[in-house]
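S.K.: Starting from the known structure of chain S, arrange chain V on it as the hints suggest.
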Amino acid sequence: MNAQPRILEVRKNVLKQNDEIARTLRERFRAQGTFVVSLVSSPGAGKTAFLEKTLTLLKPRYRVAALVGDLATDNDAMRLARSRAPVKQITTGTLCHLEAAMVDHALNGWDIGRLDFLFIENVGNLVCPSSYDLGENLRLVLLSVTEGEDKPLKYPTIFNSADVAVITKIDLADAVDFNESAAMANIEAVRPGMQIYKVSAKNGSGMEDYLRFLVARSTELTSESNVMLHRP
Amino acid sequence: MMAESAWGKPRSPHLRMVELEERAMHELSIAMSIVEMAQEEAELRDVRVEAVHLELGLLSGVVAEALLFSYEVACSGTRLEGSRLIVKEVPIEVFCPACGAPKVLTSMQWFRCPDCSASTSEVIHGKEMIVTALEIRDECATTHIGSA
Numbered sequence: 376m377n378a379q380p381r382i383l384e385v386r387k388n389v390l391k392q393n394d395e396i397a398r399t400l401r402e403r404f405r406a407q408g409t410f411v412v413s414l415v416s417s418p419g420a421g422k423t424a425f426l427e428k429t430l431t432l433l434k435p436r437y438r439v440a441a442l443v444g445d446l447a448t449d450n451d452a453m454r455l456a457r458s459r460a461p462v463k464q465i466t467t468g469t470l471c472h473l474e475a476a477m478v479d480h481a482l483n484g485w486d487i488g489r490l491d492f493l494f495i496e497n498v499g500n501l502v503c504p505s506s507y508d509l510g511e512n513l514r515l516v517l518l519s520v521t522e523g524e525d526k527p528l529k530y531p532t533i534f535n536s537a538d539v540a541v542i543t544k545i546d547l548a549d550a551v552d553f554n555e556s557a558a559m560a561n562i563e564a565v566r567p568g569m570q571i572y573k574v575s576a577k578n579g580s581g582m583e584d585y586l587r588f589l590v591a592r593s594t595e596l597t598s599e600s601n602v603m604l605h606r607p
Numbered sequence: 797m798m799a800e801s802a803w804g805k806p807r808s809p810h811l812r813m814v815e816l817e818e819r820a821m822h823e824l825s826i827a828m829s830i831v832e833m834a835q836e837e838a839e840l841r842d843v844r845v846e847a848v849h850l851e852l853g854l855l856s857g858v859v860a861e862a863l864l865f866s867y868e869v870a871c872s873g874t875r876l877e878g879s880r881l882i883v884k885e886v887p888i889e890v891f892c893p894a895c896g897a898p899k900v901l902t903s904m905q906w907f908r909c910p911d912c913s914a915s916t917s918e919v920i921h922g923k924e925m926i927v928t929a930l931e932i933r934d935e936c937a938t939t940h941i942g943s944a
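Protein sequences, first through last, are from chains S and V.
Under my numbering, the residue at position 121 of the first sequence is numbered 496, and the numbers go up by one with no gaps.
Under my numbering, the residue at position 48 of the second sequence is numbered 844, and the numbers go up by one with no gaps.
Derived from the structure by calculation, the hints contain no laboratory data.
Heads up, some of the hints might be wrong.
Unchecked claim - Covered stretches of chain S (chain V as the covering partner; in silico rule of three or more C-beta atoms under 8 Å from a C-beta of chain V):
id : region
1  : 459-467
2  : 563-573
As the list claims (entries may be wrong) - Quick list of simulated restraints, FRET-style, between CB atoms:
id : chain 1 : residue 1 : chain 2 : residue 2 : range
3  : V       : Phe891    : S       : Asp552    : 30 to 40 Å
4  : S       : Asn578    : V       : Thr874    : 52 to 62 Å
5  : S       : Gly488    : V       : Cys912    : 46 to 56 Å
6  : S       : Ala560    : V       : His921    : 44 to 54 Å
7  : S       : Thr597    : V       : Phe891    : 23 to 33 Å
8  : V       : Pro893    : S       : Pro380    : 42 to 52 Å
9  : S       : Lys529    : V       : Asp842    : 25 to 35 Å
10 : V       : Thr928    : S       : Asp584    : 40 to 50 Å
11 : S       : Arg403    : V       : Thr928    : 25 to 35 Å
12 : S       : Arg454    : V       : Pro893    : 36 to 46 Å
Stated by the list, open to error - Negatives, chain S to chain V, calculated, CB over 10 Å:
id : residue
13 : Pro380
14 : Thr409
15 : Ser417
16 : Leu470
17 : Asp486
18 : Gly523
19 : Pro531
20 : Asn554
21 : Thr594
Note that the structure is predicted; figures quoted are calculated from it, not measured.
Each residue gets a CB set at the ideal place from its N, CA and C atoms; glycine is no exception.
Looking at chain S on its own, in the form it has when it is part of the complex:
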């Protein structure tokens, strides 16, 4: 007779490898004084237009670059390149999300010098990216007015994993009868206290507030790391 199976205690985080790479990336970014922002949303929420606007507005005063994840095409990278900021495409093939190793790989050998801001546009998907730390300092979740106010309730995990919510295409709000207070309440329900910005990448409304916030957060981080570096 076979011996009875026995239990071997393990306790290992399934995403250990990803989390370790993400931690190394975060340390590297902090040492370089680079503030890293990732963007997640469903397909068509306006991530690329929003990011193009962000890059264009920051470019005159800051060193900015973007990594963009896409299943198959480089259309987004080409659109972002119009901002004249350095842009690199990560083609994920059949994979529905970015992982820290892909960010690491894309950055290696990409000679863009020291950056103030690095943006990482994830694959359009509100499910898969939530579990993967990319070493970012801030995760933005985008929700467009055309998607319906209940998106946060349908995808609570990704909203809960984000730091800031951005409501996009606000210029279309009236045309689609967008119920702004319902959307805000739904975001608040799944992630209490999360900062919410309402923007239109098309006419630029709301962009200034959001950019002021980004710059303030990056300054906080840079001064924090300076304090840490100067500690004996």
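M.R.: The following block gives chain V in isolation, referenced to the frame of chain S:
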């Protein structure tokens, strides 16, 4: 069963892969990480893994049903083929600042204390994705019995 098509016949492995690619891609890569992790342990100790125990938080971003389905695919052709994945779901526990105590949420659409309704976003548990234990059997023991 998920493995059966609408007309009751079992689906071909190819069709199942297509379905996985369409609706459970990240569960498949998670399943592959689990298999890889268990396989390393099995090789290290020269044992056969019969079951993998996993703690899965409700906020982990992984759906248990899709993961179970993906696990079978991820195991095929490896030394874990035929093993089981045993998922223990971990509820979402938050810290309520008003009660000053940990509380278990009743809904992931409502991050408020179930007792006093204070809002809270401090998550204590619920993001876990941890392989806690393996059910193993000695590989050499079974071989010896077979050859005796």
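S.K.: Could you run down the list of hints and mark each one as holding or not?
M.R.: Going down the list of hints, with the structure as the test:
Counting residues of the region 459-467 of chain S whose CB lies closer than 8 Å to any CB of chain V gives 0, so the stated coverage by that chain is violated, three being the minimum. For the region 563-573 of chain S, the assignment as covered by chain V holds, since 7 residues bring a beta-carbon within under 8 Å of that chain's beta-carbons and 3 suffice. Our hint of 30 to 40 Å for Phe891 (chain V) and Asp552 (chain S) holds, since their Cβ atoms are close to 38 Å apart. Between Asn578 (chain S) and Thr874 (chain V) the Cβ separation comes to about 54 Å, which falls inside the hinted range of 52 to 62 Å.
Between Gly488 (chain S) and Cys912 (chain V) the beta carbon distance is about 52 Å. The supplied range of 46 to 56 Å therefore holds. Range check, Ala560 (chain S) to His921 (chain V): Cβ separation about 26 Å, and the 44 to 54 Å hint is violated. Checked against the hint of 23 to 33 Å, the C-beta distance between Thr597 (chain S) and Phe891 (chain V) comes to roughly 30 Å, which is consistent with it. Between Pro893 (chain V) and Pro380 (chain S) the CB atoms are about 45 Å apart, so this pair conforms to the stated range of 42 to 52 Å.
Separation of Lys529 (chain S) from Asp842 (chain V) is about 47 Å and departs from the stated range, judged on CB atoms against 25 to 35 Å. Distance hint check for Thr928 (chain V) and Asp584 (chain S): the Cβ-Cβ separation is about 45 Å, which falls inside the suggested range of 40 to 50 Å. One distance hint, 25 to 35 Å for the beta-carbon pair Arg403 (chain S) and Thr928 (chain V), holds here, with the actual separation near 32 Å. At about 43 Å, the CB distance of Arg454 (chain S) to Pro893 (chain V) agrees with the hint of 36 to 46 Å.
Consistency note on Pro380 (chain S): stated as away from chain V, yet its beta-carbon is not over 10 Å from all of that chain's, at 5 Å minimum. Every C-beta of chain V lies more than 10 Å from that of Thr409 (chain S), the closest at about 26 Å, which supports listing it as non-interface. Every C-beta of chain V lies more than 10 Å from that of Ser417 (chain S), the closest at about 15 Å, which supports listing it as non-interface. With a closest Cβ-Cβ approach of about 6 Å to chain V, Leu470 (chain S) is found to fall inside the 10 Å limit, against its non-interface label.
With 10 Å as the threshold on Cβ separation, the claim that Asp486 (chain S) sits away from chain V holds: the shortest Cβ distance comes to roughly 30 Å. Listed as outside the interface, Gly523 (chain S) is consistent with that label: its C-beta sits roughly 15 Å from the nearest C-beta of chain V, beyond the 10 Å cut-off. With a cut of 10 Å on Cβ distances, Pro531 (chain S) falls inside the contact zone with chain V, its closest approach being about 5 Å. For Asn554 (chain S), the non-interface assignment is confirmed: its Cβ lies about 17 Å from the closest Cβ of chain V, beyond the 10 Å cut-off.
Listed as a non-interface residue, Thr594 (chain S) keeps its Cβ farther than 10 Å from every Cβ of chain V; the least gap is roughly 24 Å.
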